[in-house]
Each structure stands twice: as structure tokens, then as C-alpha cells.
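**Q** Each chain, written out:
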Amino acid sequence: MKRLAPMAVMGAATLYFLIPIWWLLVAASKSRSQFTNTEPLWFADFSLGDNLSELFAYRDGVFLRWMLNSVVYTGGAALLGTLLAAMCGYALAKYRFPGREAIFNIVLSGVLVPATALALPLFLIFSQFQATNTFWSVFLPSLVNPFGVYLARIYATASVPDELLEAARLDGSGEIRTFFTISTKLMFPALVTIFLFHFVAVWNNFLLPLIMLGEEKLFPVTLGLYSWNTQVNQIPELRMLVLTGALVSIVPLVIAFLLLQRFWRNGLGSGAIK
Amino acid sequence: MKGKGKALTFFILPFALLFAAFYLAPILYAIKQSLYKVERKGTFGKATEVFGGFDQYQRVFSDGPFWESIGRVLLFGIVQVPVMLGLALIFALLLDSGLVKGRRFFRLAFFVPYAVPGVVAAIMWGFLYSPNLSPFTAVTSSFDLLSADLVLWSMANVVTWVYVGYNMLIIYSSLLAIPQEVYEAAKIDGAGAIRTAWSIKIPLVMPAIVLTTVFSIIGTLQLLAEPAVFRSFSSAVTSTYTPNLTVYSTSAIPNFNLAAAFSVVLALATCVLSFAFLKVTQRGGDK
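Chains as they are written, first to last, in the working numbering: chain A, 1 to 274; chain B, 275 to 561.
I should point out that these hints are in silico values taken from the structure, not numbers from a laboratory.
Beta carbons: idealized from backbone N, C-alpha and C, even for Gly.
Among the hints, a few may not be true.
Said to hold, decoys possible - Here are the simulated lysine to any residue pairs, SDA-like style, with alpha carbons at most 25 Å apart: (1) Lys306/B / Leu108/A; (2) Lys185/A / Lys306/B; (3) Lys306/B / Ser127/A.
What the hints assert, rightly or not - Restraint-style ranges between C-beta atoms, simulated for each label pair: (4) Ala102/A / Lys375/B: 48 to 56 Å; (5) Tyr95/A / Arg469/B: 24 to 32 Å; (6) Pro481/B / Leu15/A: 28 to 36 Å.
Taking the hints into account, I'd like the entire structure generated from these sequences.
**A** What follows is the structure, given as C-alpha cells:
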């Protein structure tokens, strides 16, 4: 009996979180006419395949291009960005040198700077080098992750013992080799956490590509779907493409979460407690 | 010792260079830009940039729609952040209480919306709110969720939907990190689940709650994707609906100097609010 109320609360919340996604799945499986005429929360004739092939064929497959762009922008930036943040955080945790706290404090205050306040000045700087509307104008700024440095420092302090580093030194292992062969293994849960946070942040970053990019071919999928959605009133057939595209755009991140979730719980906790 | 110096350079330099180029330089550049203005000789004359002092800031401070948009996001934040974090805390405590079965399932189900990018979430909910497309016609026919009165709260719901699970996980992880011995004394004293949650668990996860609050404050002031998307669903959302939308539409005119001044003011406001919140909560903690 005692469990009834808590389970009811959790059940109701589950409906709230999952019904919109269920609706999207159902909607993307319908033909254009059935979308408005049939029960919104249940399947009609299953035309997901048709919708997908229409989505991928539309305007010479620009949607696939967007998905690919997003994967490169986010995957690449998250991988490289995690590595850079981990190296910096590790050095701040494991070495004593003048200016250490100053560097850490500057980086930490970077966490509080809203990324959107940076987008416009970045655009102006890139335009001085005639480098706006390029892949690099979105990719390079996405590599910087101050919060990652913060997490890496906390986690390196907690999980990489100094004695182990001393032992590695006595064995003649260089500092850089020690980092890549020993320390990264000990920091692995934290690295996964930083990677996920970074991945989501770049995947969600909307203003930077919106301001930087004019050429459709360079869009990440979020900007692409946004631009289609603004045209729905003029080109009504885009509506089904937007819905199907929205469904497809969620899939990679859901897969990433499912694959990585067992790693990142610990790291998430250690970041939050400090 | 020499090897260590080399290693340090190797570890720190790449991040430091990128941080300087893509964090520090833009901030300094925005500040510089905001102190200039464009002058033209005659209506069609050549435009030249001249030093304008605080001219742009004067315009920012006398810009009615901008301050309206600041007021709007503050109102949004005052309501949405406590609701979202309150829900996240309740769900985390329930998960941790042992009264709930299927914890793994709930954890995952609540977290799924976080995998949906803000733009996509807004598009999806835009459809759900639209009277002729929504599966919830009973609701959408009696309330116009996209009207001027309600659209702000419709957006609040989108943000809440995306982030509750994420915040819940952060709080839940720090609940899991509390050693079991802490609860023994409470048990001996005969404290029930609610009493334990209130007097022991919540104070111990306060740091996690503070962290999530600061991130939520920053997020609220940065609202952009949701209002930008909702512009195509609702005419009530103007091009200056949130501060970020103002920055974007000002830079699209284009008036980069004024947009830079908006950015600087916005960044300062975010930092001030976050710091003020941290200070207030720290003072509370010292007592």
C-alpha cells in the first residue's frame, strides 16, 4: 500500500516524458493525409518507410548531409574537446607550478560565460578572416569546454594517486606516456561523462551555426530542421519531412546514451558533489 | 624536472590557446565593438566606424523591448526553475527511497527527453500545442496554448520536459553517494522516510541543487531555440521576445555594435545573477 502513491507519481511522470516521443514515432509513420485524419496516438497504415525515403531523397539528400555534418561537428568536437579538457584538467590536478590557480580560475569563470554571448563576437572575428560560413567556423569554437576542465581536475585529483605517478616515473615512463597509458584509464568514467556533456552541448548549440552558416550544405541537422520548419507555411509538404527528420535526429543521441550510460553515472556524481 | 615542464606545456597549451582564441578574444572583441558606432555622411554616404564611448550602452539601457524581454525571461525563470528542480528533487528522492520498483526503467525514461535537441523538442511541442494537429484536442480547444498569454508557459513546459530528467540524475547521483551509516542514527531515532528526506537527504544534496540551479539560471537567460521555433507556430512571439533573440535580430539588421553591447550586458547579467545566487546560498550554509 505504501508503494502505491510513489509508483503512481512515477507512472504519471513516465507518461508525461514518453507520450510526446511516442506521438512523434506514430506521426512519422503516417502518410500526409492520415496525419490529420486518424487517431494521433495510434498507428494508421504504416508509411514510415515511404516518409524516410522521401526525407532522404528531398533536395538531393540534403537531410543525410545534415545528419553527417552533425555527427562530424559533435562527434569530432566532443572527442577532441574531451581530450584537450582532460589533459588540461589533469595537469592542473597533478602538477604544482606557478600560475596554476590563476589558470584554473580563469577557465572556471569561462563556465559562467553564456555560450550565446560568444557567438556574435566570434562571427565578427571570423568575418575579419573571411572564414564565416565554413566548417571550421563552427567546429573550432566547439572544441573548448571549460566545464570539462573543471570535471577533469576534480576527477584526476580523486582517482589518480600520486604514488602511482611516482612509480611510473621510477620505471622510466615519460609524463606524456604515463598520461595516455595509465591516467586516462583511471579517469575513464570521468572522460565518458565529459564526452557526453560536451556532445550534448554541441549537438544542442543552435545560435553559433545559425549566425555563422549561410550555406545549407554546412548545416547541422538542428539548423536544417529549423529552416524547414520556418518554411512549412509556404511549402506544406515539408511538414511530414520535419516530423520524420525530427524522429531520425533523436536516434543517434538515444543510442549514444544507451551505450554509454553505465559508465557515466559515477562521474556525474563526483562532479556534482564537490 | 625539465621533462615535467615540457609535459606541462603539452598538456595545457592546446586548451589554453583555443580558450584564448574562442573565449577570451571574443569577449574582449565584443567589449571593443560595443564602444564603437557606425557613422555615415548623409543617408547614402560611406559608413565609417568611429569611437562612440558608451553610446551603444545608452541605447541598450533605453531600449524598451530589450528590458521587456529581460523581464520576461526573469519571470520565466522564477517560475520554471523552481518547478523543474522541485520535480527533479521529488523524483530523485522517490528513486532513492526504496519505495519505487523498476528504478532503471524510470531513470532511463525520464532521461530520454534530454536526448532531444532543444530545437527539435520545440518543433515537436509546437505541433502538440497546435489546435488542429494536437492529440490533446480537449486541452487545445479550451486553451489557446500559443496565445500571447500562455505561450511563455508553453515554452516553460518544453524546457521543463527536456531538463527534469537530467537534473534528477545529478541529484540522484549525489544521493547515491551518501554513505548508509548517515541514515542509521535517523533510523534509531525513529525518523520516517519523509523526515529523513527533509532533514538529512536534502541538506546533503544541497551542493548538487545549487549547481543545477546555477546552470538553470544561465540556461534561462540564454533562451533562444524555443522562442525562435515558436515564432513559426505563434504570432505572439516577436523578434525581441527573449534577450538572445534580440541579439540575433539586431545582428541581422545588421547593427553589430549595438548587438555587441546587448551581448556584453547579457553576459554581465548572467554572471551577476549566478554569483549572487552562489553568495546567497553560501551565506545560508554558514549559519
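**Q** The structure should be examined with respect to each hint, and the outcome stated for every one.
**A** We went through each hint and held it up to the structure:
1. Between the alpha carbons of Lys306/B and Leu108/A the distance comes to roughly 23 Å, so the proposed pair stays at or under 25 Å and holds.
2. Pair hint Lys185/A plus Lys306/B does not hold up; C-alpha atoms about 44 Å apart against a cutoff of 25 Å.
3. For the hint pairing Lys306/B with Ser127/A, the CA-to-CA distance comes to about 16 Å; that is within 25 Å, so the pair holds.
4. The hinted range of 48 to 56 Å is satisfied by Ala102/A and Lys375/B, whose Cβ atoms lie roughly 51 Å apart.
5. Distance hint for Tyr95/A and Arg469/B: a CB-CB separation of about 47 Å, inconsistent with the stated range 24 to 32 Å.
6. The beta-carbon spacing between Pro481/B and Leu15/A, approximately 32 Å, falls within the hinted interval of 28 to 36 Å.
Taken one by one, the earlier hints fail for this structure at numbers 2 and 5, listed in ascending order.
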